[in-house]
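Peer 1: Sequence lines, in order, name chains F and H. Reminder that position 356 of the first sequence reads as 392 in my numbering, one-by-one numbering, no gaps. Reminder that position 46 of the second sequence reads as 146 in my numbering, one-by-one numbering, no gaps.
Where hints are given, some of them may not hold.
In silico DSS-like cross-links for lysine-lysine, where the CA-CA straight-line distance does not exceed 30 Å [to be verified]:
hint	chain 1	residue 1	chain 2	residue 2
1	F	Lys-149	H	Lys-178
2	F	Lys-343	H	Lys-181
3	F	Lys-527	H	Lys-162
4	F	Lys-569	F	Lys-343
5	F	Lys-360	H	Lys-178
6	F	Lys-516	F	Lys-597
7	H	Lys-178	F	Lys-516
8	H	Lys-181	F	Lys-379
9	H	Lys-162	F	Lys-379
Calculated directly from the structure, the hints in this document are not laboratory data.
Listed below, chain by chain, are the residues.
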Amino acid sequence: MSIPVLKFDAVIVGAGGAGLRSAIQLSEAGLKTAVLSKVFPTRSHTVAAQGGVAASLGNSEEDHWHWHMYDTVKGSDWLGDQDAIEFMVRKANECVVELEHYGMPFDRTDNGKIYQRPFGGHMSNFGEKPVRRSCAAADRTGHAMLHAMYQRNVKANTQFFVEWMALDLIRDSEGHVLGVTAMEMETGQVVIFHSRATIFATGGAGRIFHSSTNAFINTGDGLGMAARAGIPLEDMEFWQFHPTGVAGAGVLITEGVRGEGGILRNANKERFMERYAPNAKDLASRDVVSRAMTTEINEGRGCGLNKDYVLLDITHLDPNVIMKRLPGIREIGLQFAGVDCIKEPLPVVPTCHYQMGGIPTHYSGRVVVPQDGNPNTIVPGFYAAGECACASVHGANRLGTNSLLDLLVFGKSAGDSAVEDLKAGKAHRDLPKDAAEKSLSRIAAIDNRKGGANVHETRLAMQRTMQTHAGVFRFGDLLKTGVEKILEVEKAARELEIKDKSLAWNTARSEALEMENLIEVAKATMLSAEARKESRGAHVRDDAPDTPEFPNGRNDAEWLKHTLFNPVDNSISYKPVNMQPLTVETIALKTRSY
Amino acid sequence: MERADYERLRWRCIRRALLELDITLTRFLDAGFADLSEAEQAAFVDLVALEDHELWYLVSGKEECEGDLAHFAPLVEKIRKCSVRLAD
Ligand SMILES: Cc1cc2nc3c(=O)[nH]c(=O)nc-3n(C[C@H](O)[C@H](O)[C@H](O)COP(=O)(O)OP(=O)(O)OC[C@H]3O[C@@H](n4cnc5c(N)ncnc54)[C@H](O)[C@@H]3O)c2cc1C
Numbered sequence: 037m038s039i040p041v042l043k044f045d046a047v048i049v050g051a052g053g054a055g056l057r058s059a060i061q062l063s064e065a066g067l068k069t070a071v072l073s074k075v076f077p078t079r080s081h082t083v084a085a086q087g088g089v090a091a092s093l094g095n096s097e098e099d100h101w102h103w104h105m106y107d108t109v110k111g112s113d114w115l116g117d118q119d120a121i122e123f124m125v126r127k128a129n130e131c132v133v134e135l136e137h138y139g140m141p142f143d144r145t146d147n148g149k150i151y152q153r154p155f156g157g158h159m160s161n162f163g164e165k166p167v168r169r170s171c172a173a174a175d176r177t178g179h180a181m182l183h184a185m186y187q188r189n190v191k192a193n194t195q196f197f198v199e200w201m202a203l204d205l206i207r208d209s210e211g212h213v214l215g216v217t218a219m220e221m222e223t224g225q226v227v228i229f230h231s232r233a234t235i236f237a238t239g240g241a242g243r244i245f246h247s248s249t250n251a252f253i254n255t256g257d258g259l260g261m262a263a264r265a266g267i268p269l270e271d272m273e274f275w276q277f278h279p280t281g282v283a284g285a286g287v288l289i290t291e292g293v294r295g296e297g298g299i300l301r302n303a304n305k306e307r308f309m310e311r312y313a314p315n316a317k318d319l320a321s322r323d324v325v326s327r328a329m330t331t332e333i334n335e336g337r338g339c340g341l342n343k344d345y346v347l348l349d350i351t352h353l354d355p356n357v358i359m360k361r362l363p364g365i366r367e368i369g370l371q372f373a374g375v376d377c378i379k380e381p382l383p384v385v386p387t388c389h390y391q392m393g394g395i396p397t398h399y400s401g402r403v404v405v406p407q408d409g410n411p412n413t414i415v416p417g418f419y420a421a422g423e424c425a426c427a428s429v430h431g432a433n434r435l436g437t438n439s440l441l442d443l444l445v446f447g448k449s450a451g452d453s454a455v456e457d458l459k460a461g462k463a464h465r466d467l468p469k470d471a472a473e474k475s476l477s478r479i480a481a482i483d484n485r486k487g488g489a490n491v492h493e494t495r496l497a498m499q500r501t502m503q504t505h506a507g508v509f510r511f512g513d514l515l516k517t518g519v520e521k522i523l524e525v526e527k528a529a530r531e532l533e534i535k536d537k538s539l540a541w542n543t544a545r546s547e548a549l550e551m552e553n554l555i556e557v558a559k560a561t562m563l564s565a566e567a568r569k570e571s572r573g574a575h576v577r578d579d580a581p582d583t584p585e586f587p588n589g590r591n592d593a594e595w596l597k598h599t600l601f602n603p604v605d606n607s608i609s610y611k612p613v614n615m616q617p618l619t620v621e622t623i624a625l626k627t628r629s630y
Numbered sequence: 101m102e103r104a105d106y107e108r109l110r111w112r113c114i115r116r117a118l119l120e121l122d123i124t125l126t127r128f129l130d131a132g133f134a135d136l137s138e139a140e141q142a143a144f145v146d147l148v149a150l151e152d153h154e155l156w157y158l159v160s161g162k163e164e165c166e167g168d169l170a171h172f173a174p175l176v177e178k179i180r181k182c183s184v185r186l187a188d
């Protein structure tokens, strides 16, 4: 079958913050650049970000990139690469100011500078006291960012392919990346995007969990495509969770609810936090609260049919206080839990929020894989940035507002690296004869299969398995059985069937294709989590507790290393953490405590 | 509505930037959309073309359908009712 081929210098998959930022570099350098997106660019998930973007501008009080670097290394629980972290924090100011020049309407101080507010984990003077480092545009930071960058791209003649779904990475026999196959959703037509540089900026994959704050679009397509092309995935055991999302829906309930006197209760109506944190009780730190909630659920004291959530009770508060101090919370209860929180408690569960791991990259945005003894060999023609990539700056846990920074800095640097490599002048390499074969046969299999697995049920089975076996607080035995279960789900995910066979606008087919990506991410997460026998950052195991020898359960002697999950044979290898910053001294290992 | 038009609309409802809208709009498509008149269905297509924050503020009642958006008021009310009714 002959498949149309579109030729570009660069093809970027993803039109969120990372994709748009890298596209600016390429288009403004005069290169012919295509950006593909499943949705209109300003509907990418970056829109949901409200908190802001970190940069040590020092507009509100004294600040320094070195302090920001310290906070980020500490936040990462020392798993972040210190060269990449120094690179990111030093580029922060430049990237934020550029954004301002693109027209981003940042909040301002009285004297016209960008206003900055405090955010958890960002401190001055190497962890001394909170500092105001976050730059925001009212409650629409992500949204304003995308608009500014989209306009800039339009001016620079970036070519957008909206409502196109990339399917697979194209590599030749030498491993060079030559573009992607993609499906135009309006027609169902599969097309080859033949490029000299391919950048993945496909965002996160939070939908692998049953409870997730991520929009439905976060199905980890970039990770799935990379995995199918034999690229290992890095540090996939590390996912950041929020303690209170609405059970079943994932919509966030602000921590302010507990601040105002909200009480967590189990199925026996017991205020269980009294047992776990006798002093702080419901106001204990995020980790402690999440862990207690999980323990209650695992020990059979969860609520509901599946005993899989606990209750957040504010019925004892004055309704006027609820309406005044917690605006929106009643609406969220009504819309997403069917509960009027003035009269009944809200069902809540620790909820997945952010993916720290991803496609392994150097801080230049180039994708790197182990080869011939070098753990960081560049994959020619392939770059990644944003939540789908692992640079690794977030290590084992991310600081709030550092991910918008990540996508600006690494979006730009991936773009710059691609420009540099392209200017070095290599022509398009020849496409392999079977360049589209893998994608076409995947689609044909889904279309033609009879008696296969239902997409919705398979996704639910995966999400429940991930939530129960690899949630916010992890248990050795549950992880072990989780591995078996997720491999079972994988079998179903490889045998999907859809009823609608139409070509044009077949959302069932698109969701089936997304499911094939989700399962790659879920599997990488479960197997990587089972293998890491310590606790570190967001990966907390019951069987790796806090002891004098291993504070917080962290075991640097054995586990100060990045996980690389090899999707080809489900094997795991490791590579060293880069402890050597670019110009300053190493931020030495320490116990992480706040 | 033609199949392809409906499916395009569906994609634009189930792949939003905000999770809140993914959930509410999916629910409405499954439970309320078929009962709308042709004119209301056309209005729904326009409504979901709004930016995510703007639409969510309307659907969550944080903002009213005023000015240019006034004609969406009955439709928004139906979407709100659909969510809340289904949940209890
Ligand atoms: C509720 C919420 C609030 C947050 N608040 C903050 C905050 O205040 N500060 C902060 O720093 N971080 C925040 N984060 C995290 C941050 O928003 C994300 O990490 C970041 O926006 C991800 O950007 P991205 O460019 O990598 O991906 P996205 O913005 O998710 O974009 C991904 C793009 O890839 C496209 N795509 C995906 N798959 C395909 C495919 N197969 N084919 C074609 N296109 C595809 C999509 O269409 C989309 O355009 C928040 C996250 C959430 C969920």
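Peer 1: Next step is simple, just say for each hint if it's right about the structure.
Peer 2: Now for the hints, and whether the structure bears them out:
The hinted pair formed by F/Lys-149 and H/Lys-178 fails the criterion: a straight-line CA distance of about 44 Å is larger than 30 Å. Between F/Lys-343 and H/Lys-181 the alpha-carbon distance is near 28 Å, which keeps this suggested pair within the 30 Å criterion. A hinted pair counts as satisfied when its Cα atoms are at most 30 Å apart, and F/Lys-527 with H/Lys-162 does not qualify at roughly 45 Å. The suggested pairing of F/Lys-569 with F/Lys-343 holds, with an alpha-carbon distance near 28 Å, which does not exceed 30 Å.
Of the pairs offered as hints, the one joining F/Lys-360 and H/Lys-178 holds, with about 26 Å between alpha carbons and a cut-off of 30 Å not exceeded. For the hint pairing F/Lys-516 with F/Lys-597, the CA-to-CA distance comes to about 21 Å; that is within 30 Å, so the pair holds. A hinted pair counts as satisfied when its Cα atoms are at most 30 Å apart, and H/Lys-178 with F/Lys-516 does not qualify at roughly 47 Å. Only pairs whose Cα atoms come within 30 Å are accepted, and H/Lys-181 paired with F/Lys-379 is accepted, the gap being roughly 19 Å.
Taken as a hint, the H/Lys-162 and F/Lys-379 pair is honoured in the structure, with Cα atoms around 21 Å apart against an allowance of 30 Å.
Of the numbered hints listed earlier, those contradicted by the structure are 1, 3 and 7.
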